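Number of protein chains: 4
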Amino acid sequence: MELAYEKRATALLVIDPYNDFISEGGKVWERLKPVAEANGCVPNMVQVLDAARNAGLRIFYAPHRRYRPGDYETWKYVAPVQKAAWSRKTFEYGTWGGEFRSEFTPRPGEIVAQEHWCSSGFANTDLDLQLKRHGIQQFIVIGLIAHTCVEATVRFAAELGYDVTVVKDATASYSEREMHAALEVNLPNYARAISTASEVVASIASL
Amino acid sequence: MELAYEKRATALLVIDPYNDFISEGGKVWERLKPVAEANGCVPNMVQVLDAARNAGLRIFYAPHRRYRPGDYETWKYVAPVQKAAWSRKTFEYGTWGGEFRSEFTPRPGEIVAQEHWCSSGFANTDLDLQLKRHGIQQFIVIGLIAHTCVEATVRFAAELGYDVTVVKDATASYSEREMHAALEVNLPNYARAISTASEVVASIASL
Amino acid sequence: MELAYEKRATALLVIDPYNDFISEGGKVWERLKPVAEANGCVPNMVQVLDAARNAGLRIFYAPHRRYRPGDYETWKYVAPVQKAAWSRKTFEYGTWGGEFRSEFTPRPGEIVAQEHWCSSGFANTDLDLQLKRHGIQQFIVIGLIAHTCVEATVRFAAELGYDVTVVKDATASYSEREMHAALEVNLPNYARAISTASEVVASIASL
Amino acid sequence: MELAYEKRATALLVIDPYNDFISEGGKVWERLKPVAEANGCVPNMVQVLDAARNAGLRIFYAPHRRYRPGDYETWKYVAPVQKAAWSRKTFEYGTWGGEFRSEFTPRPGEIVAQEHWCSSGFANTDLDLQLKRHGIQQFIVIGLIAHTCVEATVRFAAELGYDVTVVKDATASYSEREMHAALEVNLPNYARAISTASEVVASIASL
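Taken in sequence, the protein lines are chains L, V, D and U.
So for the first sequence, the numbering used here puts the first residue at 116; every next one is plus one.
So for the second sequence, the numbering used here puts the first residue at 116; every next one is plus one.
So for the third sequence, the numbering used here puts the first residue at 116; every next one is plus one.
So for the fourth sequence, the numbering used here puts the first residue at 116; every next one is plus one.
It should be emphasised that the hints constitute simulated quantities derived from the structure, not laboratory data.
Please note: incorrect hints may appear among the correct ones.
Copies of the same chain look alike in the list, so a pair counts if it fits in one copy or across any two.
What the hints assert, rightly or not - Simulated pairs of lysine-lysine, DSBU-like, Cα-Cα distance not exceeding 35 Å:
| # | residue 1 | residue 2 |
| --- | --- | --- |
| 1 | 148 | 204 |
| 2 | 122 | 204 |
| 3 | 191 | 122 |
Source: prediction; values computed, not measured.
My request is simple: use the sequences and hints to build the entire structure.
Next comes the structure, spelled out in structure tokens:
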């Protein structure tokens, strides 16, 4: 599989590396754990992040809205995925669950986009602007959850003109059913490549 | 299932009712036919469209880019779903395959949005503007293909703030695998309801 | 002048009511003071806000990016208006200048959109989403600065499908030259009405 | 004035070169003629277009909606600039006024974006997508009208992350009042440079 990148135009995008998703004790971790542990999701995310930092790629983060009281009470319509976030208070602002897992703490010079309200890291945020202001045209995606925020962000990226690589063992979902829907049915239509962490690390290292 | 709508704020959205998708002889029809014939896709689409017209709902169409020579040759990156459209010349401009199936010919006063280049009817088009200019906040979706343009358009709609109902037997895809990914795994997160044509027709009739 | 509004679909939008703009001692106040004091900008802003709250209109705020170290150093291109914000550190995060003037402190249930990076309150933020999620189709604008953020936000609003009223004595700029460009040359093309605070207060009171 | 461009990332954008604007007999020509003839608008537009073609820059066109019957009748709100276009039937589809002046006929390989409904060439169109798909990050603007479509497109471009040069004697408006508002008050905040045709031609020639 060809994974050539233009170094100056390529970034790593880390989606929702919150404790609530990927740390023991997080609100959604128990549901993600079977898939995440089976494919080595968290260690693979760390490995790709390290490789990208070592290669000097620009790092971006697309964080989900951290729940705050009053977020949805006045909305005329609330999408089901938002109702779920509301009832669970996922990523509650000011709590440990609403912080990034420590390995994914942004370093100076890394860009954290504005929080997204639904699933796409691009919708109603400055992610597209920040990518453009840094000259980025291609990016590699790691993070959570495969069939919601990851799939949504990659679909939007293709609509907006970006060239995307998804790291399939650096993401997770509730079961193989959702992983299959995202990684085998849908994302091959929008991502240039669906690769493994080791393939991506090798490609990055050669830049 | 509750399917209440505010009549003046509700529309029907018809996605890609091209001959190439849903007419005998169309370029993609053979691949869609098994699912489409099994669930009555085309007659159900017609039934919902008739009901919406009779109820006085505003009708919108979200058409895919009709292929024209030179569309992709100069692009730096082309998404896989666009490479497929390019190689097949799907909905070729000026050909029968690039016309709407006759039952779905827009009538005066019905709104045809600009053509979309990838899968979402909203991306890089005037669909959001046209819905707003007509005061629309909720819409019902019929059309093709369940896991590409329909799913993409519904995902974007939720991101943009719309309340959406998907008519599950007025859409189709290549096999039950893609139907499952779109209608059972993904869209329940973004659509307010996934309903049948008969449920939707009954709800519309009562407006 | 006709100023009819649909109450449930109408909001007040307050743009950039920062101390740096409209409080004695703010970084830009000296430049805005002559126009702002001549037209009663701040008292008129307060009067319109009070009237909107009393009438039960939904209140939204569109705040400019509060300056943080590292905001622009890595950008490939920086627009002149952003270079100026960078050099002045306008609305510096964590400082008094980066807080709203006290009369404009948002109350519970009032919506503060994400910070905008350039001039339009809509660009790269969740303002359009929040307006839609609350069923808003018309809004009244007060705030700063007439020819940059106010004009940009009203221009975008018209592009996005909103019906806008600008309160011409509840905004200000550096001199009559910029006020003229915004309020007499440009905004009459995009706003439904350019009104006075007293006209708007009277219209709101009758809702 | 420094006008350096990265050749592969730079394009020329031609806005609304319709006969109705810049040809003898066009519906709006009489209003634009005094300014356009005084600054050599049309010959300068031709000169910049020729230079850009000779230098191998990619050429894009941002065309206004060509009027068609039924365009606005069903809209809940219509912005004043759109009411004017409606009443004049500017750029009527199928008429000479709705064709580009002959010197500005797009050549094969040049990109015509979808029609814009209001003033910004980016709003509700595929212009941002087409620029990204061609790797464009900087562009030079010529065309009409300085304080409406040109100013709106440049303002949006800055919001979206582009680096823009405006050619001040390859645009026109109704009088010096509007030219001043656009070119001296507003656009210096958003464009990297406001240059003359001869300066731009010299810069392009050296690429």
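Hint-by-hint comparison with the structure:
| no. | hint | verdict |
| --- | --- | --- |
| 1 | 148 <-> 204 | within (19 Å within a copy, 44 Å between copies) |
| 2 | 122 <-> 204 | between (39 Å within a copy, 32 Å between copies) |
| 3 | 191 <-> 122 | between (45 Å within a copy, 15 Å between copies) |
Checked against the numbered hints given earlier, the structure satisfies every one of them.
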